[in-house]
Amino acid sequence: AQSVAQPEDQVNVAEGNPLTVKCTYSVSGNPYLFWYVQYPNRGLQFLLKYITGDNLVKGSYGFEAEFNKSQTSFHLKKPSALVSDSALYFCAGGDSGTYKYIFGTGTRLKVLA
Amino acid sequence: GAVVSQHPSWVICKSGTSVKIECRSLDFQATTMFWYRQFPKQSLMLMATSNEGSKATYEQGVEKDKFLINHASLTLSTLTVTSAHPEDSSFYICSANGAGGSIGYNEQFFGPGTRLTVL
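Just so you know, the protein sequences line up as chains A and B, in that order. Numbering-wise, the numbering used here puts 34 at position 34 of the first sequence, and it's gapless, one number per residue. Just remember that the numbering used here sits 1000 ahead of the position in the second sequence, which is counted from 1.
Read the hints as simulated data drawn from the structure, not as lab findings. A quick note: this is a predicted structure, and the numbers were derived from the prediction, not measured. Take the hints with a grain of salt, since some may be wrong.
What the hints assert, rightly or not - Below 25 angstroms or equal to it, Euclidean Cα-Cα: the simulated PhoX-like pairs (lysine-lysine) are:
#  : chain 1 : residue 1 : chain 2 : residue 2
1  : B       : Lys1020   : A       : Lys100
2  : A       : Lys100    : B       : Lys1014
3  : B       : Lys1064   : B       : Lys1020
4  : B       : Lys1055   : B       : Lys1041
5  : A       : Lys110    : A       : Lys58
6  : A       : Lys100    : B       : Lys1066
7  : A       : Lys22     : A       : Lys69
8  : A       : Lys100    : B       : Lys1064
9  : B       : Lys1041   : A       : Lys77
10 : A       : Lys100    : A       : Lys58
11 : B       : Lys1020   : A       : Lys49
12 : A       : Lys110    : B       : Lys1041
13 : B       : Lys1064   : A       : Lys49
14 : A       : Lys110    : A       : Lys69
15 : B       : Lys1064   : A       : Lys22
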């Protein structure tokens, strides 16, 4: 069965420090992986995606993610966290056949001033 | 490009009434749209896949008679919550499947969501 896991319900980081939000996946075929951010009572905002190509993917707002096939991971990273980065982050894996997305359970990021 | 809108953004209704939510792809055609439901502090749950011109495919456990989906055109899908009850209160998000510039793969573009509160 295909799945996407976000092992941490919440991540706390001090402003200015690097942040990592973890995601591991188990999907058949070529993995298509996405990161989204959600602010309270808002929809999903696209951050970045991995379809093919370079393992290091750069996205919006200074975020990046590294696709690691051997570890089946796609962790989200940012070199220097901002208080405004505090939000709910979702990792998703796409099924190349049905185009359905499998969402992780979400990780709440809290950046402390 | 690739903008998806939802209307209304929020709605409050009385128990027993029906509510219709629209999902539109504004600048592209989407043969497939998806409807999700999100409970507070939880992840998105896929409810159904909506294909233009055909019946929607519902996920296991989703009542098709309760959540009516119509995908009448390549830019519009609607979700109607029939005989709504307080337990139907939730955040409903749609997405439209379109070419995202990545060869060989279409990706989903998400609407801003609709907050439904049933009194």
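### Earlier hints that do not hold, by number
2, 4, 11, 13, 14 and 15
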